[in-house]
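Undergrad: One-letter residues, chain by chain:
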Amino acid sequence: MHRFFARTIAVASAIPGIALAQSAKLNEYGNPARVAPAPTAASITPRDLQIRLYQFADDSMQGRQVGRVGNYKGTSMIAAEVKRLGLVPAGDNGTYFQVLAYHIKKYTDHSRLSVEGNPLRWEHDWVAVPGARAPRPIDTAQVIFGGTEGDTTKQISAAQAAGKFVVLLPAPPTPPGAGRGGGGGRGGFPGFGPSRFADAVAVATVNLDGLSSAARQAINTPTVASQGAPAVNVGGRGGRGGRGGNAPPVDSVTQLKQTIAQLMPQATIRLTRAAAAALFGRSVDGLQLGATGGKVTASLDYVELPSEWARNVVAIIPGSDASLKGEYVALGAHNDHVGFGGTPVDHDSLKAFNNERNKLLLANNMIVDQAAVGAIHVNMDSIRKLHPKARLDSIRNGADDDGSGSMALLEIAEAIQSMKVKPKRSTLFVWHTGEEAGLVGSRFFTRNPTVPIDSIVAQINIDMIGRGRAGDIPGGGPDYLGVVGSYFDSKDLGETVASVNKKQSKPFHLDYRYDTTLTWSGYNNIYARSDHYNYALQGVPIAFFFTGLHGDYHQSTDEPQYIDYPHYASVVNYIRDLSVEVSNGPRPRMNGTKPAKPPRVVP
Amino acid sequence: MNTHMRLVPIAFVAASLFAPRLAAQGQSGGPVASKGVIAESDLLKIAQTAKSLRVEPTSLTIKVGQRVTLDTLTVTVIDSAGRVRGRLTGFDFVNIKPGEPASVVPRTLTGVHAGTTELVIRYPKLGWKRPDLRPEAKVRVMVTP
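Those protein sequence lines, which keep their order, are chains A and B. Per this note's numbering, the very first residue in the first sequence carries number 1; after that it's consecutive. Per this note's numbering, the very first residue in the second sequence carries number 1; after that it's consecutive.
Chain A with its partners taken away, still in its complex shape (with noise of 0.2 Å):
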């Protein structure tokens, strides 16, 4: 109770601060809501990558999730940006872009569901989201009440799921947890383990309710399927999609994906509430676990397009020294994030109790102490005041993970494009896709790249650089920076990342303990989660920085508005300084270790 007390006094103290701020049209980081689009300047400034970042991160680019249009939209800017900018295509045929293959699964509006003989509207009470089975046909499947989403202690079993069309209820909105490294998303995928209701003909949770039209149709748009090898279809007619023709060779992966995809439901939908109804003959509301409804009859009809939605942009710029111009100073950022979905949420009051529960993690050494996450009380009174209505957000804009990175990589292209002599070596850049769906991206660039893979004497990552405040991490500051993996390949380029900042007229206060592994809970196998890590394993030594997982990665609040700026651009002419020291340097030699894999993942 006391707890509770102190949490609710603490948030509405702060409201006052946010009000002041918002009487001179900026927030109480010192940002202003919007920022229209205006020339920037070779010089690396706060300015200018605020400029970047709002476009970047605006809400136009949906997310940027990888097989998404919003990572087209995103790509096609950071493309266009080097273009102008005078920078060398390194992609595919002359072009920036170095694009994967995937397809796009999209369910089409041949789609029907019923119940006990009456059709549900196909994007007015139901959607069908694309996931990795292709689904039987339902016939007269017995619906049946699960319980809760991503909470297995309020669910049906396995057995009581099997052979039923399963309807959840959705989970409250509450954030994941920093320490353990976020909860994320796949892009309206539900949350629910995968294995549990792996036998049921489908699951369908009640959270379509507040959605647009436009919403709704963007659910079923876009996920990406793999290529080449067409979703399990177990048996009956399922769709008309796939590839047809001969199948390709199954190998160990293939066989892999499809283990998995047993594992999943035959088909994921989202209803209304108003449709779940339909389903049980009355309200959801108060329903008792294994509750049963009507008898479900569904035909779910998919078509798989090839996709150019899942592209890397590569470009350079030559090196000034004849003999060196063929080694490269890899920059490296990603240009995707986890999309939107899910059930939106009042933005303001999201971001109070993330503010909140971020205090809680800094006081208690970044563990989760779950009762007092619990007890957060969030005063909506004061954010009325500013906000009289609720601003529903479902989209996660990623404006640090990892817009942050990416308008570095075009504020560092444009300050070297600018200087008279270029660097010896030359630099590479590579916006990396796909690097929230497991490092896709830069795993498809390392095998397939387009320079040789022994000329790049150094990859610089950068994911997450735009935060770093005190209220966002312990040891956080102006003066913080986060420095992943400097040293495990090469000691030569650890010592450079090191030199180089005690040049910078203000140096920072390097962050090593990401390396140190088990010591502290803060540690969340950084090494291993970002793109850096799949050049590491190629042998090229790397350096990656970053301020920090903060309160709001992964969620709707991820916003431009957010972002310390002037620490920001700092690290950028930090990283700048960096790059060129690296390209003009001896090349850095490897440790002679294989490449430095931490011992295990923190929980």
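20 Å max Cα-Cα, derived SDA-like pairs, lysine to any residue: (1) 422/A to 99/B; (2) 97/B to 586/A; (3) 424/A to 95/B; (4) 129/B to 589/A; (5) 106/A to 137/A; (6) 129/B to 455/A; (7) 97/B to 88/A; (8) 424/A to 100/B; (9) 97/B to 320/A; (10) 97/B to 323/A; (11) 422/A to 322/A; (12) 125/B to 537/A; (13) 125/B to 589/A; (14) 97/B to 584/A; (15) 125/B to 591/A; (16) 129/B to 591/A; (17) 97/B to 89/A; (18) 125/B to 455/A; (19) 25/A to 386/A; (20) 45/B to 135/B.
Chain A regions said to be covered by chain B (calculated; three or more residues, Cβ under 8 Å): (21) 82 to 95; (22) 455 to 468; (23) 539 to 553.
Read the hints as simulated data drawn from the structure, not as lab findings. As the structure is a computational prediction, the values presented were derived from the model and not from experiment. C-beta: ideal position from N, C-alpha, C; glycine also.
Go by the hints and put chain B onto chain A.
TA: What follows is chain B alone, placed relative to chain A:
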């Protein structure tokens, strides 16, 4: 920043990385292709007995300004018994020095000026843990005006 490596999306994606290569192999036919494309997961195993690489064609003639992607090359692994072990798709290559008649970045041969040069293909670094040097194969590149 990626969330903890989750099995499901990684598997989808891993499959998608290999699938197009497999499909392409199925369409091309021929004795080499029938040996199959070497999956990344098999690279280390095959490296244990890999003796040499064979690249086809062994020579290319291109015009100044013409581009040929390296994906048009067929690179196969030969083991110590002389058997074809499969086809490499994600092979490594060595940069052609500036000033030579052709360039190879970005993963594309481009005729720069008339003359002859050489492209070196290597077994993927990712799949090579042996202490000796990786097998190589060379393609003679002739650039005509």
